[in-house]
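**Q** Listed below are the residues making up each chain.
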Amino acid sequence: MRQKSSSNGFIEHSLMGVLSFIKTSLFAEEYALKRGFMQSLDQRIKTLSFVLLIIATLLTKNILVVFCLYLFCLFLAAISKIGLGFFLKRTWVFIPLFSLFVALPALFSNFTPGAELISFKIAGFPLVITRPGVLTVLLFVLRVAAAVSFAVLLSITTRHFDLLKVLRIFGIPQVFVMTLGVCYRYIYLLIGIIENTYLAIKSRVGSVVHYKRGQQIVGWNIAFLWVRSCRLNEDVYKAMLSRGYSGQPYVLDDFRTRLKDWLWLAFTGVILIWIIRFFH
Amino acid sequence: MDYPVFSLKNVWFSYLGRFPALAAVDIDIKPGEKISIIGANGSGKSTLLHLLDGLIFADKGLVNFCGKELNEKSFNDIEFSADFRRKVGFVFQNPDVQLFCPSVKEDIIFGPLQLGVAKNEIQSRLERFVTILGIRDLLDRSPNQLSIGEKRKVAVASTLIIEPDIIILDEPTAGLDPSTTRHIIDLLLDENVAGKTIITSTHDLHIVGEISDTVYVFGADKRIVKSGPADNILNDLALLTANNLVHIHSHRHKDKMHIHPHVHLDHHDEEH
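Taken in order, these protein sequences are the chains called X and U. Residues in the first sequence are numbered consecutively from 1, following my numbering. Residues in the second sequence are numbered consecutively from 1001, following my numbering.
Do not rely on the hints blindly, as some may be mistaken.
Claimed, not checked - Here are the computed lysine to aspartate or glutamate pairs in the EDC-like style, where the Cα-Cα straight-line distance is at most 16 Å: (1) U/1105 with X/254; (2) X/34 with U/1204; (3) U/1119 with X/254.
Honestly, the hints are just simulated from the structure, not real lab data.
Given only the sequences and the hints, what does the whole structure look like? Please build it.
**A** Printed below as a string of C-alpha cells:
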C-alpha cells in the first residue's frame, strides 16, 4: 500500500512538474520585462544581431575567439539584468553537456591523432588523449555553449509574442506566424484544463488509485482533452470569422527602431566580418 | 424602405441533424432596439445568436439581414461578408474563445485590421476604448494573465472597436462582480443611445429591465414561449418559474420556515 502511494506521488509530482516546467519556461516573461540593455532594443534588430553573433560563433575556428564571444554573451546577460546563476543553469543544463558526451570520443588518439597528452588503460585497453583531441572537444563544446547562450539570451529577453512577430521579417508567411501565436495562447489554456481536471479527479477518487482504474482515468482524460480542444478549435475559428477574418490575416507592424538599434546591429556586423576575415 | 435589421421566419436549427436547438422561431428586430433573449441553459439562446452572426445557418426557415437573406451563399460574396462583419459585432460567451492572439492589444485590433480600417483610425479607436473600459495597463499582457472580468472587458473592446451597428452579446455579465457588470451595462446603454442595436442573451434577470425594450423567453422545447416588453415578462412569475428563470427559495425567520419564489431583479432595491 505504501509502495502504491509513493508511486502515485511520483506520477503526480512528475505530471505537475512537467506542467509547471512548460508554464515557467514557455510563459514566464519576468526577464523580458526588466529594463536592461537587450530589452531596450528593437525586437527585429535584436533578433537579426543575435543571428549574426551565432553565425560568427559557428564560423570561427579560434578557441580564444569563441571564448571571448562566450564572455561577451555573459556580459550582455549581466547588463540585461539576468542573474548569472540563473543564466548558467539555463544554458548549461542540457545541450552543452550533451554535446560534451557526443564529442568525448574525439579526445582519443583513435579519432584525433596527434601529440600525446595523457595515456591510461581501461580493462587492459590502452587509451591516449591527444592535444589536438582536447582542443577539438573544447572548441566544439565551447562553440555549442556560446551559440546556445546567445539563443537563450535572445529568448529570455524578448517577450514570446514579439519573437513570433519577428518571424515575419524572415519571410515566414503571416498565416503560419498567426497559427503559432494561437497555439502558444491555447497551450496555456489546455495546461490549465489538465491541471483542473487532475485536481477534480483527485478530489473525488483520493490520492491512491489502483493502476487499472488509473489507466481508465488517464484514457478518459486524454479523450476529454481531445474533445475540448476540438470544440475550442471550432469556437475560435467562429470568433475569428465573426471579426472579419477571411483566410488572410492582417497584422499591425508596430516595431520602432532608434539610432541605438542600428549602432548595435552595425557592431555585431563588424564582429562577424572581423571573424570571417581573420579567424575563419 | 426601412427593413428590420434581422427578421426570422419559422427558423429551425439542429446540431448534426439530430439534436434540435431552435424550433419555429419568429423574431423581428428593428434598428436601435434593445432585445434580450432569456431562457434556461440549453434553451437555444447561444444558437440563435450564432445564427444572427452568420456563423451557422438555419436548417429551415428564413433569416434576413436588412432585407437580404442570410445563408452560406451570401457569405461567398466577399463584399457582403465584409459589410456584414463591419455592421454586426459579437461578444462570445467564453472570452477565452474570443481572445486568441498572444497579446491583448493584438486581440483588440484584430477585427478592424481584418476589415481594412486605416491604421491611424485603428489607433484612435484603440485609445478611445481602452480609456472607456480602463484596460490600458493590460495592452501588453497575454490574455492568459487576465482575470475573468478583465477578459470580458477586453472581449467587449475587441468587438466595439469594429464600431458595429448591431452588437450581439452572449451572457456578457456571467461570472462578473457587480462593479464590472455595471460598467459593461452602462457602456451598452451608451452605445444604444448612440443608435446601436443591442441583442443580449442572458439569464441574469438583474440586467434585463435595463437592457431590453423587448424580451424573448425561450423554453425547454427550443421555442419562443413569450415575448413582450421587459416589465410584462419580469412580472410574470408563473412564466419565469415554468422556464427555470426563478427558483423556490426557503429560509427561516425565528422559528418559522418561509418558502417563496425568488427573483433577482435589481441589485439596488433588494430587500429581504
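**Q** It remains to establish, for every hint, whether it holds in the given structure.
**A** Going down the list of hints, with the structure as the test:
Note on residue 1105 of chain U and residue 254 of chain X: the hinted pairing holds, with a Cα-Cα distance of about 11 Å set against a maximum of 16 Å. Our distance criterion of 16 Å between C-alpha atoms is broken by residue 34 of chain X and residue 1204 of chain U, whose separation comes to about 43 Å. Restraint check for residue 1119 of chain U and residue 254 of chain X: the C-alpha separation of about 10 Å stays at or below 16 Å, so the hint holds.
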